[in-house]
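Q: Sequence:
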Amino acid sequence: MRGLPAMADADGVQNESDPVGTLRRATLATLLLLVSTALGALLIFPSPRYPGNLLYLTELCARRQDIPVALGLAGLFVASGLLRAHPPAARAMAEASGRRVAILVAGLVLGAWAIRVLVLFDHDFTRDEQMASFDAAIYGAGHLFWRLPEAVRPLYAPLNDLFLFPVPDHSAWVSNYLPVNAAIRAMLGKVIPPALVSPLLTGMAGLLLWRVARRIWPDDRATQAVVLLCLAGSSQVVLTGTATFAMTTHLALNLLWLACFLRGTRAGHAGAMITGLLATGIHQPVFHPLFVLPFLDLLHRRRQWRLLAGYIAAYAAIGAFWLAWPHWITAAIASGPGPGALAGPTGLVDRLFALVAIAPNLDALWVMAGNLLRFCTWQHALLVPLALVGARKLAGTDDLARALAGGVVLTVAAMTILLPPQGHGWGYRYLHGLIGSCCLLAGYGWRWLAARGAAPVRAFQAATLVSLVVLLPLHALMVRGFIAPFAEARQAVARTDADFVVFESGRIPFDHNFVSNRPDLGNRPLVLAGDVITPDGLAALCPRHSLAFADASEFAELSRYYEDPPRIGPGPAQIALRRAATKAGCRIVPFGRAD
Numbered sequence: 007m008r009g010l011p012a013m014a015d016a017d018g019v020q021n022e023s024d025p026v027g028t029l030r031r032a033t034l035a036t037l038l039l040l041v042s043t044a045l046g047a048l049l050i051f052p053s054p055r056y057p058g059n060l061l062y063l064t065e066l067c068a069r070r071q072d073i074p075v076a077l078g079l080a081g082l083f084v085a086s087g088l089l090r091a092h093p094p095a096a097r098a099m100a101e102a103s104g105r106r107v108a109i110l111v112a113g114l115v116l117g118a119w120a121i122r123v124l125v126l127f128d129h130d131f132t133r134d135e136q137m138a139s140f141d142a143a144i145y146g147a148g149h150l151f152w153r154l155p156e157a158v159r160p161l162y163a164p165l166n167d168l169f170l171f172p173v174p175d176h177s178a179w180v181s182n183y184l185p186v187n188a189a190i191r192a193m194l195g196k197v198i199p200p201a202l203v204s205p206l207l208t209g210m211a212g213l214l215l216w217r218v219a220r221r222i223w224p225d226d227r228a229t230q231a232v233v234l235l236c237l238a239g240s241s242q243v244v245l246t247g248t249a250t251f252a253m254t255t256h257l258a259l260n261l262l263w264l265a266c267f268l269r270g271t272r273a274g275h276a277g278a279m280i281t282g283l284l285a286t287g288i289h290q291p292v293f294h295p296l297f298v299l300p301f302l303d304l305l306h307r308r309r310q311w312r313l314l315a316g317y318i319a320a321y322a323a324i325g326a327f328w329l330a331w332p333h334w335i336t337a338a339i340a341s342g343p344g345p346g347a348l349a350g351p352t353g354l355v356d357r358l359f360a361l362v363a364i365a366p367n368l369d370a371l372w373v374m375a376g377n378l379l380r381f382c383t384w385q386h387a388l389l390v391p392l393a394l395v396g397a398r399k400l401a402g403t404d405d406l407a408r409a410l411a412g413g414v415v416l417t418v419a420a421m422t423i424l425l426p427p428q429g430h431g432w433g434y435r436y437l438h439g440l441i442g443s444c445c446l447l448a449g450y451g452w453r454w455l456a457a458r459g460a461a462p463v464r465a466f467q468a469a470t471l472v473s474l475v476v477l478l479p480l481h482a483l484m485v486r487g488f489i490a491p492f493a494e495a496r497q498a499v500a501r502t503d504a505d506f507v508v509f510e511s512g513r514i515p516f517d518h519n520f521v522s523n524r525p526d527l528g529n530r531p532l533v534l535a536g537d538v539i540t541p542d543g544l545a546a547l548c549p550r551h552s553l554a555f556a557d558a559s560e561f562a563e564l565s566r567y568y569e570d571p572p573r574i575g576p577g578p579a580q581i582a583l584r585r586a587a588t589k590a591g592c593r594i595v596p597f598g599r600a601d
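For what it's worth, this note's numbering labels the leading residue of the sequence shown as 7, then goes sequentially.
Just so you know, the hints here were simulated from the structure itself, not pulled from any lab data. Positions of the beta carbon are idealized from the N, C-alpha and C atoms, including for glycine. Careful: at least some of the hints might be erroneous.
So the derived label-pair ranges between C-beta atoms look like this [unchecked claim]: (1) I109 to R530: 41 to 47 Å; (2) A100 to A420: 36 to 42 Å; (3) P160 to P479: 44 to 50 Å; (4) R31 to L527: 55 to 61 Å; (5) R272 to P479: 44 to 50 Å; (6) G58 to H149: 28 to 34 Å; (7) F169 to D128: 19 to 25 Å.
Could you put the whole structure together from the sequences, leaning on the hints where they help?
A: Set out below in structure tokens:
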């Protein structure tokens, strides 16, 4: 099959006589979305369905970060004239020439890299990020997992076993995520600085988005420019592009899949299927298929039965491959116990059933409201109104626009059921792989308005300036506020002349993010979680090793940041660990400086 019609001209003038009213209604809908999601986020309260601090974190981010930005966006909509009833003044929109695109993409890559290194401490903050670097180190050394010496196995849990593959005898470790994101980082990390990998993937996403926009609107460089600026003006794209989160890889590979799919050739569809194999195995298998499913409906609507059958067969094989992956790892690790003797559920189906067991509830709706508020306020300031115009006016008549919008809707619905809390995220990261789709919908909206002389050029230029000069620095400072205490603690650990540092975990928010070690345990000192190790287990390390104790009271600023009462002195468990270490003859050194 040679080509899929892009349907770019399905937005003919037809019966529409009020494009300015359409834009105004889309802007009002955006304001209503911001208000309703803000109110929903403020209804979040502790729930036994979602233990820990995750619900509180969503409410905290909404209250302290996203609602103030939403108020600023409302002011921008009013000031830029989007709510007026008369057409905007005619003005030319800059076009996306190849040179300009190259400069913009280079700026995107270098900007994200600079923010990572100069502003965000070049630090893997969340456990998800730490696991990406953890697995990348394993794969970069040529292994699928890392064998642990028998003497170290009693420290498996204190070394932080969160998100690790549940090996019963603790003879090896690797994360329980699928491997593609970490494998890409391992390969690229051999030739470029690891901190540059995510920015480079972000730049790849930008180039691919431009290529897709060129294929859809080959003679409309202004629309191409709008699409690319919506991506570059997204704080979520830039700042998630500084992190090792898998979501930047999702964004890049989804756009690569779309670029291959739209070629419409046999080679293009083969490339899409190969990309689908990689994209499904990035870290969790659910995200990419949700992006692809509406495109299978597109093929169904166009009655391209053979091609549809080919994609269904390909994704059935892809699904079978990645469903088998945990069992292959189990078989490779197992030296004594068989594959059925695992410490916990390893299969992807097992994990899916565990998530579905939490039935949909009002808690999920409020949390998802907070997520959507965060998504909207971390994008280009005009992305949502333009995307709403594109989705409303074209999703019913243009198969491609319908498929793009469908992926967003399906992902929101699936995450509401499966995993409402995202934890820390620079924007709403579970929609990150669909930001390219949202930018293309904004392109549809822009083109539809431009065809009727109602493209808001001046408002878009102002919104782009605000997004890059105001929102991006503001969001970067917000991210720095989360990361700084943990990065400073890592630096304090590095200055400590000890074999082990025992963090008093369990008394301050998200304190297990402090406990991160290399898979080969080559870092010194090694970091242990104090709420997991027992006094007897710690005493077993002595007198051969030196210890330092990092008490929760040393991180009062972190507690205050999360609105938690600062701790005063070590707690009873930490005191018991100190006593056991002293009695066993451990050499105890001060935390944060060489002895």
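Q: To test your reading of the hints: which numbers does this structure violate?
A: Structure breaks no hint.
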